[in-house]
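Q: If you read the protein sequences in the order shown, they are chains A and B.
The working numbering applies: residue 53 is where the first sequence begins, and numbers increase by one.
The working numbering applies: residue 244 is where the second sequence begins, and numbers increase by one.
Below 20 Å or equal to it, Euclidean Cα-Cα: the simulated EDC-like pairs (lysine to aspartate or glutamate) are:
id	chain 1	residue 1	chain 2	residue 2
1	B	K282	A	D283
2	B	K282	A	D239
3	B	K282	A	D281
4	B	K282	A	D170
Sample of chain A residues facing chain B (criterion: CB under 7 Å; computed from the structure):
id	residue
5	P81
6	I110
7	L136
8	V137
9	L231
10	I238
11	V274
12	G277
13	F278
Taking CB as the label site, the calculated pair distances span:
id	chain 1	residue 1	chain 2	residue 2	range
14	B	L250	A	W159	24 to 30 Å
15	A	Y211	B	L250	18 to 24 Å
16	B	M281	A	Q221	36 to 42 Å
17	B	W279	A	W220	42 to 48 Å
18	A	D60	B	V319	51 to 57 Å
19	B	A336	A	S219	14 to 20 Å
20	B	W343	A	A57	56 to 62 Å
21	B	A323	A	D60	46 to 52 Å
22	A	I76	B	L250	32 to 38 Å
23	B	G255	A	Q221	26 to 32 Å
24	B	P278	A	I216	44 to 50 Å
25	A	P217	B	G247	28 to 34 Å
These are computed hints drawn from the structure, not numbers from a lab.
Every residue gets a Cβ at the ideal spot worked out from N, C-alpha and C, and that includes glycine.
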Amino acid sequence: MIDAAPPDSAELRRVQRLAVTEIIPLFIPAIPFGFVLGLAIVESPMPDGIGLLTSPVIFAGAAQLALVTLVGTASVWAAIAAALVINSRHIMYSAAMAPVFAAQPRWFRRLGPFMLIDQVFALSTQYVDRHPDVFRRYYLTTGLLFYSGWSVVTAIGLYFGSFIPASWQLGYAPAVMFLGLVVLSIDRRPALIAAVVGASVCFATIALPNRAGLIVGALCGVIAGFLADRDPVA
Amino acid sequence: MSIGTGLAVVFGVGAVTYLMRAGLILALAGRTLPPWFMKALRYVAPSVLAALVVSLVADPDQANTGLSLAEVAGLVVAGAVIWRVRNLMMALAAGMTAFWLVLAVA
Numbered sequence: 053m054i055d056a057a058p059p060d061s062a063e064l065r066r067v068q069r070l071a072v073t074e075i076i077p078l079f080i081p082a083i084p085f086g087f088v089l090g091l092a093i094v095e096s097p098m099p100d101g102i103g104l105l106t107s108p109v110i111f112a113g114a115a116q117l118a119l120v121t122l123v124g125t126a127s128v129w130a131a132i133a134a135a136l137v138i139n140s141r142h143i144m145y146s147a148a149m150a151p152v153f154a155a156q157p158r159w160f161r162r163l164g165p166f167m168l169i170d171q172v173f174a175l176s177t178q179y180v181d182r183h184p185d186v187f188r189r190y191y192l193t194t195g196l197l198f199y200s201g202w203s204v205v206t207a208i209g210l211y212f213g214s215f216i217p218a219s220w221q222l223g224y225a226p227a228v229m230f231l232g233l234v235v236l237s238i239d240r241r242p243a244l245i246a247a248v249v250g251a252s253v254c255f256a257t258i259a260l261p262n263r264a265g266l267i268v269g270a271l272c273g274v275i276a277g278f279l280a281d282r283d284p285v286a
Numbered sequence: 244m245s246i247g248t249g250l251a252v253v254f255g256v257g258a259v260t261y262l263m264r265a266g267l268i269l270a271l272a273g274r275t276l277p278p279w280f281m282k283a284l285r286y287v288a289p290s291v292l293a294a295l296v297v298s299l300v301a302d303p304d305q306a307n308t309g310l311s312l313a314e315v316a317g318l319v320v321a322g323a324v325i326w327r328v329r330n331l332m333m334a335l336a337a338g339m340t341a342f343w344l345v346l347a348v349a
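Only chain B is shown next, with the shape it has when bound in the complex:
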């Protein structure tokens, strides 16, 4: 990726992100978005983040769609840890440890 493209991408995403955060505060002061839209926004985070996990581990460029045992093991362990203790740091450590252990054994 060239410097020019990179700068355009970063500042472009930054500008749109700012507009999402500032839009209703600046331009639409006093007005609101339809309630169904606000309701739908609640489900953006769980949905897109879950799709992102799949997109990152199930690499379509690899012949076997890439879901390796080590990757699945890491996700299962990390998911269980964060469900119990709600701590990202511990989930990351546990997930990476499981991933490395299965990589070393398999």
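Isolated chain A (complex conformation):
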């Protein structure tokens, strides 16, 4: 049910306070992630300033981490392809939010999607049935807080990363981070099948030039998950 009456300013302030308290528990896990990203930027052949720019420009942690780690080992095109494939899940969020954004002013329809990350999507789905002004205040508060915090945390990781000795082998940390994200993304059996097939095919095709095995593995995993999913498509 959509709220009929527009919210007064007290209501908007209340929503804003709620947004702040609800984004914090989702931002805390992003702090070590931002550190790992900062360290990965130090290790990457990408200039530090350019690596740091991925946070305000791309604003998608897993894709940024894939991009800066892969440019060191694979071709630039393989790194770009991996980052974009990772981000393609955002098309799902865009589809889910399209009817909600239809009630929003044009400036917000253009600006809002820039902040459509996993955390903001997950939180703001609670507010899709509220008045458009309430939804917008909640979405913008969570999005802007995460956006600024993310850039700061990346910069801190980059700063400290330059003092850490190479013998710590922190270049390994992104692999651990991605494994954690894999496990968190497995909510059902078809997702498990997608992960196992994606990893196995990538391993079998690891010798392909330009890390093409990554994309081949990812595609096979998606197909396997799709086939294992018994939900009717239409």
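Guided by the hints, dock chain B onto chain A, whose structure is given.
A: Same frame as chain A, now just chain B:
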């Protein structure tokens, strides 16, 4: 990597990422993608992230395809921790500790 190439890569990936997030909200308002496509998108995250882990640890540039005992130990421990407690920070700490321990011993 030169500054120019780096800027092109970052802004290029940023622009396409924005289009993925904004596309259905802006241009396709009122229209939807085919259901099979939306269903397939559900499996992008587990599949590509799992392939990425393999791609990062099994380095084809190394003669023995690079899967070291320490790397495997770190992944197994981190995987077990996150499966139990669903906490990325704890999984990262446990995985790195296992990795360093095996590196020191082996």
